[in-house]
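Protein chains in written order, with our numbering: chain Z, 1 to 537; chain F, 1 to 307; chain V, 1 to 297.
Treat the hints with care, since some could be wrong.
Restricting the straight-line Cα-Cα distance to at most 20 Å, the calculated cross-link-like pairs of lysine to aspartate or glutamate (EDC-like) are [to be verified]:
hint, chain 1, residue 1, chain 2, residue 2
1, V, LYS211, Z, GLU87
2, Z, LYS14, Z, GLU242
3, Z, LYS69, V, GLU193
Which bits of chain V does chain F cover? Going by a derived footprint, with three or more residues having C-beta under 8 Å, they are [what the hints assert, rightly or not]:
hint, stretch
4, 122 to 131
5, 145 to 158
6, 208 to 220
Hints are computed from structural coordinates only; laboratory data are not their basis. Heads up, the beta-carbon is just placed ideally off N, CA and C, and yes, glycines get one too.
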Amino acid sequence: MTSNNKKELLLEMKNIHIDGFSDERWHKILKGVDLNLYRGEILGLIGESGAGKSTMGKAAMGYTQPGCKIIKGEIIFNGTDLAKLTEFEKRKIWGTKISYVAQSAAASFNPAHRLMDQTISAANRAKINPTDVLRKDAVQLYESLQLPDAENIGERYPHQVSGGQLQRIMTAMAMSPRPELIIFDEPTTALDVTTQVEVLSAMRSIVDKFNTAAIYITHDLAVVAQMADRIKVLRYGEEVEESKTKDMLSNPKEEYTKSLWSVRSLIKPEETNDDYMLSIKNIDAAYGSSKVLHDVSVNIPRGKTVAIVGESGSGKSTTARVITGLLPQTKGEIIFDGKKLSPKLEQRSKEELRRIQIIFQMPDTAMNPKQTVDEIIGRPIEFYHGVKGKERETKVIDLLKMIELDETFLDRLPSELSGGQKQRICIARALAANPDLIICDEVTSALDQIVQEGILKLLQKLQKDLGVTYIFITHDIATVKAISDEIVVMYQGKVVEQGLKSKILNPPHPDYTELLLSSVPEMDPDWLTNLLNKRSN
Amino acid sequence: MSDNTQSYSAKGEVSSITKRRTRFERIKIAFSKAPLSAWFGMIVLSIYLFAAFFAPFIAPHGEAEVFPVAYAPWGGEHLLGTDQIGRDILSRLIFASRNTLGICFLACTIALIIGTIFGIIAAIDRSYIDQILSRSIDTLMAIPVMIFTFILLSVFGPSNLNLILILGVLESTRFFRISRSVAVGQVVLEYVEVAKLRGEKLSYIIFREILPNIASPLIVEFGVRFIFIIFTVSSLSFLGLGIQPPAADWAAMVRENAILIQYAQYDITAGLTPLIPAAIIALLALAINFVIDWYLYITSGLKDDIK
Amino acid sequence: MPGDFATEILGQSATKSSVEALRSELGLDKHPIPRYFEWLSNVFQGDFGSSFSGRSKVQGDQGDRSRLVVELIIPRLKNTLFLTGVSALVAIPLALLLGISAALYRNSVYDRSATGFSLVTVSSPEFFTGYIFILLLATLFPVFPTIANVNEDTSLIERFYLTALPVFTLTLVTMGHMMRMTRSAIINILSSEYIEMAKLSGATRYEVIVKHALPNAWAPIAQVITINLAYMLIGSVVVEFVFNYQGIGRLMVGSVYNRDIPVVQACALIFASTYVILNLLADLIGIISNPRLLYPK
Chain Z
1 MTSNNKKELL
11 LEMKNIHIDG
21 FSDERWHKIL
31 KGVDLNLYRG
41 EILGLIGESG
51 AGKSTMGKAA
61 MGYTQPGCKI
71 IKGEIIFNGT
81 DLAKLTEFEK
91 RKIWGTKISY
101 VAQSAAASFN
111 PAHRLMDQTI
121 SAANRAKINP
131 TDVLRKDAVQ
141 LYESLQLPDA
151 ENIGERYPHQ
161 VSGGQLQRIM
171 TAMAMSPRPE
181 LIIFDEPTTA
191 LDVTTQVEVL
201 SAMRSIVDKF
211 NTAAIYITHD
221 LAVVAQMADR
231 IKVLRYGEEV
241 EESKTKDMLS
251 NPKEEYTKSL
261 WSVRSLIKPE
271 ETNDDYMLSI
281 KNIDAAYGSS
291 KVLHDVSVNI
301 PRGKTVAIVG
311 ESGSGKSTTA
321 RVITGLLPQT
331 KGEIIFDGKK
341 LSPKLEQRSK
351 EELRRIQIIF
361 QMPDTAMNPK
371 QTVDEIIGRP
381 IEFYHGVKGK
391 ERETKVIDLL
401 KMIELDETFL
411 DRLPSELSGG
421 QKQRICIARA
431 LAANPDLIIC
441 DEVTSALDQI
451 VQEGILKLLQ
461 KLQKDLGVTY
471 IFITHDIATV
481 KAISDEIVVM
491 YQGKVVEQGL
501 KSKILNPPHP
511 DYTELLLSSV
521 PEMDPDWLTN
531 LLNKRSN
Chain F
1 MSDNTQSYSA
11 KGEVSSITKR
21 RTRFERIKIA
31 FSKAPLSAWF
41 GMIVLSIYLF
51 AAFFAPFIAP
61 HGEAEVFPVA
71 YAPWGGEHLL
81 GTDQIGRDIL
91 SRLIFASRNT
101 LGICFLACTI
111 ALIIGTIFGI
121 IAAIDRSYID
131 QILSRSIDTL
141 MAIPVMIFTF
151 ILLSVFGPSN
161 LNLILILGVL
171 ESTRFFRISR
181 SVAVGQVVLE
191 YVEVAKLRGE
201 KLSYIIFREI
211 LPNIASPLIV
221 EFGVRFIFII
231 FTVSSLSFLG
241 LGIQPPAADW
251 AAMVRENAIL
261 IQYAQYDITA
271 GLTPLIPAAI
281 IALLALAINF
291 VIDWYLYITS
301 GLKDDIK
Chain V
1 MPGDFATEIL
11 GQSATKSSVE
21 ALRSELGLDK
31 HPIPRYFEWL
41 SNVFQGDFGS
51 SFSGRSKVQG
61 DQGDRSRLVV
71 ELIIPRLKNT
81 LFLTGVSALV
91 AIPLALLLGI
101 SAALYRNSVY
111 DRSATGFSLV
121 TVSSPEFFTG
131 YIFILLLATL
141 FPVFPTIANV
151 NEDTSLIERF
161 YLTALPVFTL
171 TLVTMGHMMR
181 MTRSAIINIL
191 SSEYIEMAKL
201 SGATRYEVIV
211 KHALPNAWAP
221 IAQVITINLA
231 YMLIGSVVVE
241 FVFNYQGIGR
251 LMVGSVYNRD
261 IPVVQACALI
271 FASTYVILNL
281 LADLIGIISN
291 PRLLYPK
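Build the full structure now, drawing on both the sequences and the hints.
This is how it looks when you write it as structure tokens:
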């Protein structure tokens with residue numbers, strides 16, 4: 001990707017310290033990070049939430065978000081220290097010499113202007129070329145980014161194109177003035193895996209084509225491996241390590257770096273049986289007039305874990321809502337432990353409700369922010385089992401111990417817990433009902449890698465101890481490999497296939513499963529190249 | 001620099017707030033950081049409340065006590081003079097705090113209760129009940145409250161009870177709107193779904209799950225609407241249709257003494273007499289606005305949505 | 001005020017039979033609900049009926065001096081529209097300017113004093129502001145008249161002079177609201193991601209505001225304006241009373257006193273329909289300025 005013989009330093013950041021203001025006081029976000037970038041090189045910046053990677057990326061432009069300030073450090077770009085420039089001077093560099101690609105393209109495009117006007121606005125302002133030349137160039141950029149209808153797509157408004165397309169148009173917008181450096185700030189995080197592959201390959205080819213230097217920020221090591229020549233790992237505002245991509249993948253020096261892909265090392269032997277805890281038969285369901293589930297049938301064996309995999313819009317979460325009764329099906333039936341469940345929530349008995357529990361993706365919104373841990377876990381105990389007072393408290397503490405927390409957490413509010421702790425409390429709340437079936441809806445998606453591993457291990461242990469059955473809804477194949485016995489693949493409201501993990505994950509596959517599985521980035525810098533070669537054949 | 005990940009434990013995970021604080025401590029901290037304007041607002045409000053509760057003990061004369069001299073000047077036995085039929089103005093100002101605050105508070109509370117309960121029910125339902133309630137509220141809101149009150153008062157006759165009931169019902173539309181829109185945001189959150197899935201009753205979901213989480217915007221709205229009701233009642237009283245005599249009312253006092261303004265060039269205190277009750281209303285509204293602004297700041301951090 | 005127009009006009013001494021006679025002539029003996037629908041169907045045919053007042057107190061007197069409601073209302077309506085129109089022309093540009101500039105220089109001394117001052121004006125009832133103006137500019141320093149006494153023959157220049165104080169009052173009272181709402185609408189837009197993106201692509205301060213913020217601000221600003229026009233209309237009732245200005249608000253209050261139901265109903269209808277039209281207008285501007293609704297997928 002890089003021509004190493006031409007090592008000319010483009011950006012040099014020295015000893016960057018940045019503070020941010022929140023909760024009425026200043027916090028350190030970056031504590032002295034260095035960064036070097038050569039012309040035509042791509043540097044991957046990775047870390048978990050709160051690592052300061054995004055702040056670092058913006059600092060590379062000499063920009064800090066409102067409420068943040070650069071305490072000390074130099075940002076030498078092309079020989080000038082951006083930290084010392086005035087806003088006015090920096091504006092001449094922004095958008096022309098350095099451009100920025102944001103995570104949420106949908107929110108970052110101005111809803112009031114056509115895409116073409118926004119694409120060429122920076123180059124137009126700098127009068128790099130006459131407008132009609134810029135327009136033609138933009139169409140060519142659209143073409144090389146493999147956008148459909150490149151001639152006319154620029155005439156649309158942001159809300160008229162899809163998320164993956166917007167992300168590519170934003171890349172075209174960044175490339176239009178032919179900058180020397182592009183900052184990619186988590187550009188594919190919000191996208192589905194199959195879309196992510198398209199966007200990644202488009203971005204890589206265009207950066208290669210113009211030999212532009214780039215900083216690529218992400219939390220996903222496998223993604224960054226496809227893009228970067230070098231990788232820098234950040235944690236809590238400090239550098240953990242930095243090395244060439246190949247070396248980093250084959251031989252990470254620090255424990256922390258290894259832990260970043262620990263989930264991928266979790267493996268569970270598969271088992272199944274014909275004693276179904278739950279079977280759903282030929283289910284149709286709709287939101288208003290739009291039908292989202294078409295003839296879905298799934299069987300869940302007792303005491304096992306079935307993973308339902310699919311991308312957004314596949315109907316996997318809708319399936320969960322139908323099972324719980326939140327969204328009554330329009331056709332078909334649900335058999336739970338040999339008995340038919342009524343479609344409507346209100347018509348199910350308290351006992352039926354107790355036996356099926358659900359854990360949601362976002363623990364922040366799954367708990368009442370005004371209730372303490374004691375109230376959150378204690379309510380189902382009281383509600384279902386009629387246990388009160390001292391006995392109730394002992395039970396709550398038992399549950400807290402089961403999820404590896406203790407009684408010191410009793411009077412905490414959700415806002416006083418970390419993400420992983422919150423999800424554990426949600427698990428305890430589900431367990432408090434003493435259920436037979438727990439539906440886990442993307443329970444690890446919002447969590448950092450290491451925390452994910454902890455939660456998955458806990459869920460496995462609980463299954464072993466208590467014999468509960470899990471339905472595990474997720475879009476993440478690594479999680480599926482780690483936890484499931486059986487897999488159901490869904491696409492556009494239909495079941496593609498169901499079977500044992502080994503059967504689904506190994507060929508031969510139906511077309512969609514093939515596409516889905518092959519789109520999951522692997523820890524191999526050549527993965528994307530190989531995949532594209534394979535697909536073009 | 002490396003952290004040993006093998007020692008990872010759920011308990012040790014760093015949470016966002018490092019220091020545990022009880023509710024009382026948090027309130028204490030909020031008060032210690034309250035800006036001057038908030039203190040001003042709170043002190044002014046407590047003076048008004050004090051005057052309202054202890055009016056008979058503070059006021060030098062009775063509310064409707066008539067003295068021989070009408071339009072007596074300031075000073076002497078009548079600190080702020082007497083009105084057109086010889087009633088002590090200072091005493092009436094103090095008694096008026098009772099009447100105005102009492103009537104407005106009752107009307108606002110009725111509006112809060114009716115509006116909030118129906119608002120949350122509509123938010124949970126999101127189908128027929130919601131449609132019927134929302135559309136009829138839209139219709140009610142299409143007519144400006146003061147004009148509507150005008151018409152209703154001229155149909156039912158102006159009495160303090162009618163005033164409270166009419167304003168309570170008309171203003172409940174605002175509480176309906178706000179509680180519905182805030183509650184809709186909460187109802188779709190998973191914690192409400194969890195409660196539904198547990199099989200909880202509607203009343204539990206309204207009062208235990210949703211209400212605590214929409215309390216802050218409702219408190220703000222209560223302040224805003226309270227000011228609005230004071231203004232509406234005052235405007236009505238000023239026009240002669242609001243709080244009924246002999247009960248004292250600030251705005252009615254403005255109208256009764258307005259004629260004195262013409263004599264301001266001879267005696268400035270005469271010109272100020274009708275302005276004092278008006279200033280009292282303005283000061284009350286300002287104090288409530290200050291407290292609302294501060295409350296908004298501490299409950300929503302950076303939110304800057306003052307209407 | 002118990003009783004109705006009939007007892008009001010004939011006084012306490014009237015005989016029962018004469019009250020009954022007047023009642024049936026005015027239609028007050030009928031149930032209010034059919035009476036209302038009868039009125040409503042007449043309104044749709046352009047007939048607002050005639051006023052109660054001005055009727056002869058003596059039964060059988062042929063000199064009926066009652067006037068048509070429409071005749072009564074039209075000149076008053078013109079006066080009110082003049083007052084609110086002039087106030088709006090002063091208040092809207094001023095409030096938008098103050099609101100936008102306060103949002104741009106957020107938390108500056110200028111912003112703090114502007115929002116502080118607006119809070120004071122918002123907290124003052126119309127009659128307070130009105131009487132302060134009277135005290136200062138009509139009594140202590142007699143620059144303007146206390147009473148805004150206009151009639152159909154008043155010239156335009158004189159009209160401006162006579163209505164100066166009511167216009168000041170109405171302007172001040174609505175400006176505070178409008179300025180605060182504009183400010184928070186603009187701040188809301190300035191904190192969105194596409195504004196940060198525009199800054200990061202090198203847009204100048206001017207460009208950020210004019211090209212990126214304003215096109216998205218029209219809808220909220222239009223809403224702010226129409227809400228405040230409606231507010232101004234209601235405020236004009238009290239202001240007209242303070243300055244004894246012969247507008248529709250003054251007429252309505254007088255008619256409520258006299259229980260002159262046809263006039264009250266007609267005035268209320270005018271207020272309510274203006275209010276509804278203003279709100280519809282706000283929605284319409286919201287749709288026109290929103291590309292999402294203009295260019296569907």
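Annotated coverage of the stretch 208 to 220 of chain V by chain F, confirmed only when three residues or more have a Cβ within 8 Å: Per the Cβ count (0), the hint is violated.
Pair hint outcome, LYS14(Z) versus GLU242(Z) [Cα-Cα no greater than 20 Å]: With Cα atoms ~15 Å apart, LYS14(Z) and GLU242(Z) stay inside 20 Å; holds.
Pairwise hint evaluation, GLU193(V) against LYS69(Z), where the allowed Cα distance is 20 Å at most: 19 Å, holds
With a cut-off of 8 Å between beta carbons, are at least three residues of the stretch 145 to 158 of chain V near chain F? violated (count 1)
Do three or more residues of the stretch 122 to 131 of chain V come closer than 8 Å to chain F, measuring C-beta to C-beta? holds (count 8)
Given pair status - GLU87(Z), LYS211(V), alpha carbons within 20 Å: Within the cut-off at roughly 19 Å; holds.
Violated hints, listed in ascending order, are 5, 6; each of the other numbered hints is respected by the structure.
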